[in-house]
Amino acid sequence: MKRVQFSSPFLPYLFIAPQMAIIFVFFYWPSVQAIQSSFFLEDPFGFGSTFVGLSNYSDALGSVQYQAIARFTVVFTALVTFLSLGIGVLLAVKADTVLKGSATYKTLLIWVYAIAPPVAGLMGMMFFDQHIGPLVKFAALFGWDMKVGLNYYDTAFAMIAVSVWKQIPYNFIFILSGLQSIPVSVREAAAIDCRSGFRRFWTMTLPLLAPTAFFLLIINMTYALFDTFGVIDVMVKDKAANNPITLVYKVYMDGFRGNDLGGSSAQSVILMIVVFVLTIFQFRFIERRVHYN
Amino acid sequence: MASIDIRDVSKIYNGGVTAVSDVNIDIVDGEFIVLVGPSGCGKSTLLRMVAGLETISRGEVTIGGRTVNDIDPADRDIAMVFQNYALYPHMTVYENLAYGLKNRRTPKAEIDARVAEAARMLELQPYLERKPRALSGGQRQRVAMGRAIVRKPSAFLFDEPLSNLDAKLRVSMRGEIKRLQRRVGTTSLYVTHDQLEAMTLADRLVVLSGGRIEQIGRPLDVYHRPATTFVASFIGSPAMNLVSGELHGSKLALGPALIDLGTNVPTQGAVTVGLRAEDLRLHADAEGSLPFRIDYVEELGSQRLVHGMVGDQAMVAALSSEIPLPETTSLSIAPSRLHFFDTASGQRIDWSGEAVGQVTVTAAPEAVA
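In order, the protein sequence lines correspond to chains A and B. Going by my numbering, the letters in the first sequence line up with residues 1 to 293, in that order. Going by my numbering, the letters in the second sequence line up with residues 1 to 369, in that order.
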C-alpha cells in the first residue's frame, strides 16, 4: 500500500469528513436510537416512555406470530436468492452463446431492472389480480384457483414470483459480464479437455464466476431481506390480515401502523444482528473458497 | 499417434471473407510441421479448424484416417498449446495437468503416474501444488506443454506458443519443444509468424500467404529453392534481395553490371533476380561484378549487414566483420547462387546452372525415429 503524504495531519480527516457525516447521521445515529428505544415502552402519543429492559426482545422472540414470520422470511429469502441467481445464471449462459441479435436479446432481458420496486409490485399485482390477472387465468387452466391476497400460499407464491422477476436482470448483467471476462482461450482449452458442456460449466465456468457469484449472493440476500419491501407493501396492504410478510415489513407494521416503537426497534435490532452474523459467515466461510484472479 | 490429412480445406467467414482457401497438406505420423506466414495469412485459422475450434467451410480433415469435420474438439484426440497458455486459473498445476484425463475417466493411479512423468520431463515437480498465477512465464508455458503431453494424444497443435516469452526464454523453450517432440514422437502442427522458429523446429515448413500455400518443403529446401518471391522474402534473415534484371541469352544484365551465366535460362527479357545477402562477396576488381555504394552498416558481431545500392536498387550484403570496408566497392556472386522469378507471377524459374547438388530437390518428409 502506498503511503500518501499530507501537509497537515488533519487534512485526511477533513477529506473523509463528509462521508463520515453521512454514515453517522443516516446509519450510526439511527442505530443507536433504535438500540436505545428497544429498551423502552414508548407512549403511542409521544407522552414519555417507560424503561422495560429486555421485555421488548422477549415479547418479539416469544411471539408465535413473530416466529412464523421469521420462518417465512427465511424461506422467502432462500427461494428468492436461489431462484433469481439460478435463473440469472441460466439466462446469462444462454445469452452468452447467442451470436445473432444478441444486443436486442440482452436489452430485452436487462430493461426490467429499470422498473422501480413499487411499480414492479404493482405490475406483479395486476398479473396476479383476481379479475384481470393473466397469470391467475393461466393457473385456472390447470384447475388452480389462485387467490392472491386471500390465500396465504398463493400470496407467498405471487410475492416470490414478482421479487425474483424483479431481481433477475440485475443478476443477468453481472453474470454475463463475468462470463465474458473468462478468456476465450481458457474456454477453448476446456472444450478440448472436456467433452460434456454441463461438466465444463461446473468445473470451469462456475469456479471462474465465483467472485461475481459471491458478490451477487450477498446483494441478493440483502435484496430479499430488505429491498422487497416495496413489492410486499403493494401486495399485502389493505388486504386481509393472514398474509405472508417478511420481518422488515413486520418492523414497519408494528412501528408505524401499530405505533409500538419500542417493539419495532427491538425487532430491527434483531434484524441488524442477523445481517451482521450472516455477513461474517459469508466472508469467513464462502469467500475463502472463492478464487480471485 | 497418427497422420493428419488436410484435403482442399477452405474457411469462408459469414460475409464472404475467405481466410483459408483450398489447402492440402499430408502430415505423416510423427512429423513436425510448421505453418508459417505473416499475420492474417490464415495459419491460425487452419490450425483451429484441425482442432475443431472453427468449423470447416469446405474440404476435409482426417486425423489417423478418421474424418473429424463433425467431431467435437474433445473427441478428436488432439491436444493444443495456446499462445497465452490458457491455464485454468483456479486449479493448481497438478489439477491443470490432470483435468483432461479426469474428464476422460482415466483411473486415478494412471493420472498420478502420467502427471508425475510429465512433471519430471518438464521439471515441474516443485510447482505441482501452485496456482498458475504464482508461476513465471516460462513455467506457465511448460505447464501448458505438460497439459498436452499427459493426454498422450494423436497430435499436438501449437498456436504461437512462444510469442509471449522474452527472447532468451524463447530460444531455450524452442529447443525444449523440439527435444520433447522427438522424444514422444507425436505428430505436431505448429503455427508461428517467426521464420527463425519455423526453420529451426520444422521437419517440413508450410509457408502461407493470403490463405494459400506458397510452398511446402524441408526448411533447407525452402531456403535454397524458394518457390515464389514471397517465400524468398519471408524465409531467411536478412530477407533475400529481390531486384529486377534482364536476361539476354546466357547473360544477365543487373543494373550496370553484366553477369555471364554460362548457360541459358528458360526465359528471356525482364526477370526478378534473387540474391541471398550471405552469397554476396566483396570483390576488388570491377570486371563482372556489381558496383556497390554503401549506405550504412549494421554490426551483428559475427558478421555485418551492409546496406547499399547497386545502380538504383537497394541491396543488403552479409559480410565478414574482419575485412575492412572501403567507401565504394563492388560485390560478386557465384552465378549458381542466383535465383530467378517470373516478374509478373513471382513464380520461381528453374534453370540448369543452379547449385542443385547441395540440396535435395524432392520435398519428401524426413522419417522421424
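It is worth saying that the hints were derived from the structure and are not from the lab. Cβ atoms here follow ideal geometry from the backbone N, Cα and C, with glycine treated the same way. Don't take every hint at face value.
Some but not every residue of chain A turned toward chain B, in silico, with C-beta under 10 Å [unchecked claim]: (1) A103; (2) Y105; (3) K106; (4) L179; (5) P183; (6) S185; (7) V186; (8) A191; (9) I192; (10) S196; (11) R199; (12) R200; (13) A210; (14) R257; (15) G258.
Here is what the structure says about each hint:
1. A103: violated, 17 Å
2. Y105: Violated, because the Cβ-Cβ distance from Y105(A) to chain B comes to roughly 18 Å (cut-off 10 Å).
3. K106: violated, 20 Å
4. L179: With a minimum Cβ separation of about 15 Å from chain B (threshold 10 Å), the hint on L179(A) is violated.
5. P183: OK, holds: P183(A) within 10 Å of chain B, min 7 Å.
6. S185: holds, 4 Å
7. V186: Holds, because the Cβ-Cβ distance from V186(A) to chain B comes to roughly 5 Å (cut-off 10 Å).
8. A191: Since chain B brings a Cβ to about 5 Å from A191(A), closer than 10 Å, the hint holds.
9. I192: holds, 5 Å
10. S196: holds, 7 Å
11. R199: It holds, given that the least Cβ distance between R199(A) and chain B is near 7 Å, below 10 Å.
12. R200: Hint on R200(A): holds, closest Cβ of chain B at ~8 Å, below 10 Å.
13. A210: holds, 8 Å
14. R257: Status violated, d = 50 Å.
15. G258: violated, 51 Å
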